[in-house]
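Quick mapping for you: the protein sequence lines, in order, are chains A and B. For the first sequence, numbering that gives the first Met the number 0 gives the first residue as 0, with consecutive numbering after it. For the second sequence, numbering that gives the first Met the number 0 gives the first residue as 0, with consecutive numbering after it.
Just to be clear, a hint being listed does not mean it is correct.
A few chain B residues that face chain A, going by a derived Cβ cut-off under 8 Å, partial list only [what the hints assert, rightly or not]:
{"id": "1", "residue": "Val145"}
{"id": "2", "residue": "Val148"}
{"id": "3", "residue": "Arg149"}
{"id": "4", "residue": "Asp152"}
{"id": "5", "residue": "Gly156"}
{"id": "6", "residue": "Gly189"}
{"id": "7", "residue": "Glu190"}
{"id": "8", "residue": "Met191"}
{"id": "9", "residue": "Leu192"}
{"id": "10", "residue": "Thr193"}
{"id": "11", "residue": "Asp196"}
{"id": "12", "residue": "Ile200"}
Here are the simulated DSS-like cross-link-like pairs (lysine-lysine), alpha carbons at most 27 Å apart as the crow flies [to be verified]:
{"id": "13", "chain 1": "B", "residue 1": "Lys188", "chain 2": "B", "residue 2": "Lys198"}
{"id": "14", "chain 1": "B", "residue 1": "Lys2", "chain 2": "B", "residue 2": "Lys97"}
{"id": "15", "chain 1": "B", "residue 1": "Lys188", "chain 2": "A", "residue 2": "Lys26"}
{"id": "16", "chain 1": "B", "residue 1": "Lys97", "chain 2": "B", "residue 2": "Lys198"}
{"id": "17", "chain 1": "B", "residue 1": "Lys2", "chain 2": "B", "residue 2": "Lys188"}
{"id": "18", "chain 1": "A", "residue 1": "Lys26", "chain 2": "B", "residue 2": "Lys198"}
These are computed hints drawn from the structure, not numbers from a lab. Being a predicted model, the structure only gives us computed values, none of them experimental. We put the beta carbon where it would ideally sit given N, CA and C, even for glycine.
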Amino acid sequence: MGQFRNLFRNLFSPPRPSAAIARERLKIVLAHERAGRTAPDFLPRLQKELIDVVARYVEISEDMIRVNLGKSGETSLLEINIEFDGAKPRPAPPRPNLAAAVPPAKPG
Amino acid sequence: MAKVVVITSGKGGVGKTTTAAAFAAALALRGHRTVVIDFDVGLRNLDLIMGCERRVVFDFINVINGDANLNQALIRDKRNDNLFIFPTSQTRDKNALKREGVERVLSELRDQFDYIVCDSPAGIEHGAITALYFADSAVIVTNPEVSSVRDSDRIIGILASRSRRAERNEAPVEVNLLLTRYDPARVAKGEMLTVEDVKEILSIPLLGIIPESEAVLRASNTGTPVSFDAESAAGRAYLDAVARFLGEQREMRFTTPERRSFLRVLFGRA
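In isolation and in its complexed conformation, chain A is listed as follows (with noise of 0.2 Å):
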């Protein structure tokens, strides 16, 4: 069925032009190359600490956070991008024991 769809698809509307295509490839990969290009060198770090972070919750790897460093006119924008569908939650961490931390009160 999948590929009657696709015959007749091809058959009757014309290819997409292939420069149109490299328009859009190109875009796509400079605008990722330039944001790189110009990002701290911190981004990569942060990048890294957030996923241990976020990981601790919920099942996640390293491609599913984004770290981008913008201009949004005169303010920079730092933009953090957490792909979360489908994640998995993990059960929750075991909580520290808050009140065995706190040191005990000294006798006044």
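Starting from the structure of chain A, add chain B where the hints point.
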């Protein structure tokens, strides 16, 4: 005040040397004293394209090392008295170009010339960085093809961050786009990026469009800068580009498929 113009692209084979030769020749035709320098140490080719390969005695590295003086190494073009060729060494490697040496030679050239055109090697390594480091102006030679456009973008970034002007916080290197090997017939069929596409993606001013032309190979076969062939489309396109570079307004040509006239078809002129 002499101006240092680097012809660069990142990618190889897009027409840097052809452009350096044609650009320098066109500047000379306009009455400017011009020298064109080959920065591609180890892969000398500008001498062939300029047709002076048998007149090379001393080269760039000899002058940098003090084995010869500048005027012994400069080759005066036989067709135009304003045009000089400064060949590079064929036997050394790219790392022989030391920045201090290049700076010294360039400052000596600045006293003698109006324009110093630097033909950069491909890539983004030592040779290419040295070629662009001292530039006041850059011509980014780009083909309407994805890898060339991407590499041009990279080189534009390097000019903005690693040139001497950038390091010293001076006015940025002036960058201009030269689109080469453009085939309007394929563009019309949607098979090739349009000039607008490339301009929009790189967002730098367009200096000119050089159409794919048989004249370019003919010129290189005979060792003639293609801008000396004012009959050819490519030659005229280079003359236009240089006129714009000098501040003239000229309408862009060669953007639509050229109808070949009956007589031209008959006599086989490109």
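Supplied contact hint for B:Glu190, tested at 8 Å Cβ to chain A: 6 Å, holds
Chain A contact restraint for B:Gly156 - C-beta distance below 8 Å: 5 Å, holds
Pairwise hint evaluation, B:Lys188 against B:Lys2, where the allowed Cα distance is 27 Å at most: With a Cα-Cα distance of about 40 Å, the restraint between B:Lys2 and B:Lys188 is violated, given a limit of 27 Å.
Status of the hint placing B:Val148 at chain A (closest C-beta pair under 8 Å): 6 Å, holds
B:Lys97 paired with B:Lys198 [C-alpha distance capped at 27 Å]: Violated, at roughly 34 Å.
Pair hint B:Lys188 and B:Lys198, alpha-carbon separation not exceeding 27 Å: 19 Å, holds
Interface hint outcome for B:Ile200 [beta carbon to chain A under 8 Å]: Hint on B:Ile200: holds, closest Cβ of chain A at ~6 Å, below 8 Å.
Cut-off 8 Å, beta-carbon criterion: hint that B:Asp152 touches chain A: 5 Å, holds
Residue hint B:Arg149, partner chain A, criterion CB-CB below 8 Å: Hint holds; B:Arg149 Cβ to chain A Cβ min 7 Å, cut 8 Å.
Supplied contact hint for B:Gly189, tested at 8 Å Cβ to chain A: The hint holds - B:Gly189 has a Cβ within 8 Å of chain A, the shortest such distance being about 3 Å.
Pair hint A:Lys26 and B:Lys198, alpha-carbon separation not exceeding 27 Å: This hinted pair holds, its Cα atoms lying about 12 Å apart.
Agreement of hint B:Thr193 with chain A interface, Cβ distance less than 8 Å: 7 Å, holds
Taken one by one, the earlier hints fail for this structure at numbers 16 and 17, listed in ascending order.
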